[in-house]
Amino acid sequence: MSKNNNCMSVLTNGIIKENPVFILILGTCPTLATTNNVVGAFGMGIAALAVLFCSNILISLLRHIIPDSVRIPCYIVIIAGFVTIVQMLVQAFFPELYKMLGVYLALITVNCIILGRAEMFASKNSVIRSGLDGLGMGIGFTLALTAMATIREVFGSASFAGISIPFLENYKIEFLVKAPGGMLVYGLLIALVYALTHGKAPMKKSFSCATCPSAAYCNTAACKKEEEGDK
Amino acid sequence: MIKSVKSTFVLVSICAVIAVMLALTNYITAPIIIKNENAAANDALLEVLPDGGDFEKLDISTFTLPSTVTDAYSAKNGGYVFKLTTTGYSSGFVIMCGINADGTVSGAKCLSSTETLGFEKTYGKELVGKNSESIETVDTISGATKTTAAYRSAVKDALNSAIILGGGSVDIRTEEEILLDNLSSALPSAEGKFSKLFITEVLEGIDAVYTADNGMGSVCVVGEDFIGVDSEINVISDVSAEMAENISSQLKNLFASKATEISIADYDGLPSALLSASKTESGNYILDLKGAGYGINGGNEYHPASGEYIYICVSMTKDGKIIDCLTVSEEETDGIGSVCADEKFYGQFVGKTEENYGDIDAISGATITTDGYKTAILRAFQSVKILEGGQG
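For the record, the sequence lines run as chains E and B.
Start counting the first sequence at 1; every next residue gets the next number (this note's numbering).
Start counting the second sequence at 1001; every next residue gets the next number (this note's numbering).
Note that these hints are calculated values from the structure, not bench results.
Worth double-checking, as some hints may not be accurate.
Think about it this way: if two alpha-carbon atoms lie no more than 30 Å apart in a straight line, the pair counts; the simulated DSS-like pairs of lysine-lysine are [to be verified]:
(1) E:K172 - B:K1121
(2) B:K1290 - B:K1385
(3) B:K1321 - B:K1258
(4) B:K1121 - E:K99
(5) B:K1076 - B:K1109
(6) B:K1083 - E:K99
Among the chain E residues that face chain B by a calculated CB cut under 10 Å, a handful are [stated by the list, open to error]:
(7) L58
(8) L62
(9) I65
(10) P67
(11) D68
(12) V70
(13) V77
(14) G81
(15) T84
(16) M88
(17) A92
(18) F160
On a predicted model such as this, the values are computed, not experimentally measured, just so you know.
We put the beta carbon where it would ideally sit given N, CA and C, even for glycine.
Excised from the complex, chain B in its bound form:
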């Protein structure tokens, strides 16, 4: 009994003495360690903002900054350093970006990434010296579009954040958010949910039509203006009576148009790319096509072909002018050929005819996809000619 009490006492005493020694050492070394760590962190920050110094971490929760910004530091020279986390070809793409006091990029460095090609290591140099406007003029790198576009966009977020932290205001919304905000303000009753309408009739002076998912009406895009129309097709936005009349009559026409399916088997010589065709009362055609892109004609050891066609829907006037175009589905290479599902690509065909449909911007790094898509569009023109009784 006494023995075990003694053992316990000795062990506890030794522990206590050691604990005191540790506390004393910690008391001496802790401030030095913190100073060292700050100096090391400063060195990393100095690399992207060489003129900075005396960096101070900012509480970013008190500002409305782009969501990519994860850390922000201010320097004594009025500049800032931002740590940004974004998604390029894959997620977890971390960039450190320094911004000078005059709002230009002083340096950008990739801290960690799992990008595939390694351009993230060098691309930052091309952004140095740019401000929030001129950064748009820096080209992305063909073949690494996703990586470099994400890099550029993250650095732009840093530039915008510097403006916000400096007391300025800047629009940090993405293009989609801006569009949705415009649509919602034109038609608040839609509760922020819209779908772009596939147009089957030629509309004069209307660029696009979005319908509310809850059936409360639609919004017409005319140039820069967003014009709300209620479910009875009455214009609710403040526009001239002439414009309102024009919009509502065209929309009535559009919504009333009915399409009848054509039996394509009855026609000789229709291209095999044509899957189905319908004709509207006003004589326009709606065509479903398949295009042989990378999924059919491509494939290599790095990016195997999917074996799937690109499915495209095209509406066209009877004299061969594209009214609207839409990529319905695709299985092209993710991040490269898959850009064909982006409206920025297929929207280029709107208004084109057989003579000038080739004048579109090809998809960077995806020639096979672009060529397959263009061939499908050519088949649409040929199909309409045959359906109209001419020769394709």
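So that you can see chain E by itself, here it is in the shape it has in the complex:
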């Protein structure tokens, strides 16, 4: 029972409590770049989810085989491989989305969420937990991107997923679709998430390992020491 609960919390962690975009502040570049329309943002989220899920599972499978000294190159090769596979599939089956995402699809390779989860979670946890973590983080990323894109597209272009909203046609805030508008919406959403999770989100404490959402999986000496100290 407790094991099931544990697995469930790994899955839900990524969605709110450790949301990669709003809490961990990872993957900022694609977040800002692809959220000017809902379709692009959702597609980006799903593509990243697929890569995260696959790479987390594979890295977790190989965690006892990959030597520590070459782990980062190994992770990069695995991630880049999955990204390229996703890219080819999107190009073949969703050419419109492929055109929309442009270079950002290929740039999932260097998305720090994926490398971050590989390094912090998948390399230290079982296959099932890693898969769930990838799924949870991917869903969190997708939801965050879609939420942000909804705000930007609805108020910036007076449309949702390409369907125009006539009511808002004359009240467009075109600034929101541009990069600075993205930054503004991002900042406001971070503030909102912080306010909503007040007292729960780890960010509220001071800056130390204890406040770090990844502290539980982190094996740097300082974190270990603090964790033990807590106990």
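Starting from the known structure of chain E, fit chain B onto it as the hints suggest.
Below, chain B without anything else, positioned relative to chain E:
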């Protein structure tokens, strides 16, 4: 040692496995991607040739097509689509043009351009339904003459290319090339280099004279005929003896005519536009004039005035009829007023007198240039009257 060997082995193995996975994915997706890309390209082609389909790219290097054609596609309905790259007001003007099986324009669209006024976006519609002859009747747009003329000419190239690809033959030479070809065939020894002669004598029945740059002779244009004359002024083309005699005697007269400069300071009341004047032995005048066009009288924030006059050379009989006219230099607005340096413009003054010199076609969009030019020509008539002893 063992550790590093193991690391290397693991990394290489992972790379190999990933490479195999990529190869498999590529094997599945590559044909679909190519199909998608072709479909997207087809959509672009369908836009200008809606009845087409099943487009097939042609190897244009196997045909002699106009140089503007960069890509050609054939459609299953017998039509063609051409991608053309030309130069309007500036270079890099790319047009996609569809041609129906019956040789008419089905659609034309500007793909990219850096033209200034935006007419390239709409002008294509006016060309739809035209064939290689009727396209000449479509007017260019005043004020955007260069853009629209380049557009029309490119679409005409597409029409001609469709005829060529369909197995027909068509003259794709430009006017200059046709003239040069005619001149060269009349006088092959000139090796294809000619200059138009500025005529100072009244010639009967000869429209223009071109001299070979290498001194091997000249070519007279009589109506549609190009008649070669060697350096000894003997007619070498096959013409009637009477015509040959007429041409050689007139040319001898022309080449022998000498002009003496007149001291214009000795005359009162000569217009200031007159820079210098010479008189030939036969009594004709050669006048150098300056005209105040857009460079002097024009200028706005978009097209500043250059501050330069238009310099014009005119030869005229003593009773006031223009023998020849030439724009020597100009600094008018590029592409608009600069048309005054085109023979199509200044050639209009040949044969005109003070009574009818105004009956020429003005330069579209360049009223100030045209007016300045006409005023200079009027000053030429006035100058000749004064030089002849009358009043200007």
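Here's how the hints hold up against the structure:
Between E:K172 and B:K1121, the direct Cα distance comes to roughly 27 Å. Compliance with the 30 Å bound is thereby established for this hinted pair. Between the alpha carbons of B:K1290 and B:K1385 the distance comes to roughly 18 Å, so the proposed pair stays at or under 30 Å and holds. Our distance criterion of 30 Å between C-alpha atoms is met by B:K1321 and B:K1258, whose separation comes to about 19 Å. For the proposed pair B:K1121 and E:K99, the alpha carbon gap of about 24 Å is at most 30 Å, so the pair holds.
Note on B:K1076 and B:K1109: the hinted pairing holds, with a Cα-Cα distance of about 21 Å set against a maximum of 30 Å. For the hint pairing B:K1083 with E:K99, the CA-to-CA distance comes to about 23 Å; that is within 30 Å, so the pair holds. Nearest Cβ of chain B to the Cβ of E:L58: about 9 Å, under the 10 Å cut. The hint holds. Hint status for E:L62: holds, given a least beta-carbon distance of 7 Å to chain B, under 10 Å.
Annotation: interface hint on E:I65 holds; nearest CB of chain B at approximately 6 Å, less than 10 Å. Hint status for E:P67: holds, given a least beta-carbon distance of 4 Å to chain B, under 10 Å. At a threshold of 10 Å, the smallest CB-CB gap from E:D68 to chain B is about 9 Å, leaving the interface hint in force. Because the closest C-beta pair between E:V70 and chain B is about 4 Å apart, less than 10 Å, the hint holds.
The beta carbon of E:V77 comes within 5 Å of a beta carbon in chain B, closer than 10 Å, and the hint placing it at the interface holds. With a cut of 10 Å, the hint placing E:G81 at the interface with chain B holds, because the nearest CB-to-CB distance is about 3 Å. Hint status for E:T84 relative to chain B: holds, with the closest Cβ pair at about 6 Å, below 10 Å. Interface restraint check for E:M88: the shortest CB-CB distance to chain B comes to about 4 Å, inside 10 Å, so the restraint holds.
Using the Cβ-Cβ criterion of 10 Å, the hint placing E:A92 at the interface with chain B is satisfied: the shortest such distance is roughly 4 Å. Nearest Cβ of chain B to the Cβ of E:F160: about 26 Å, over the 10 Å cut. The hint is violated.
Checked against the numbered hints above, the structure breaks only hint 18 and satisfies the rest.
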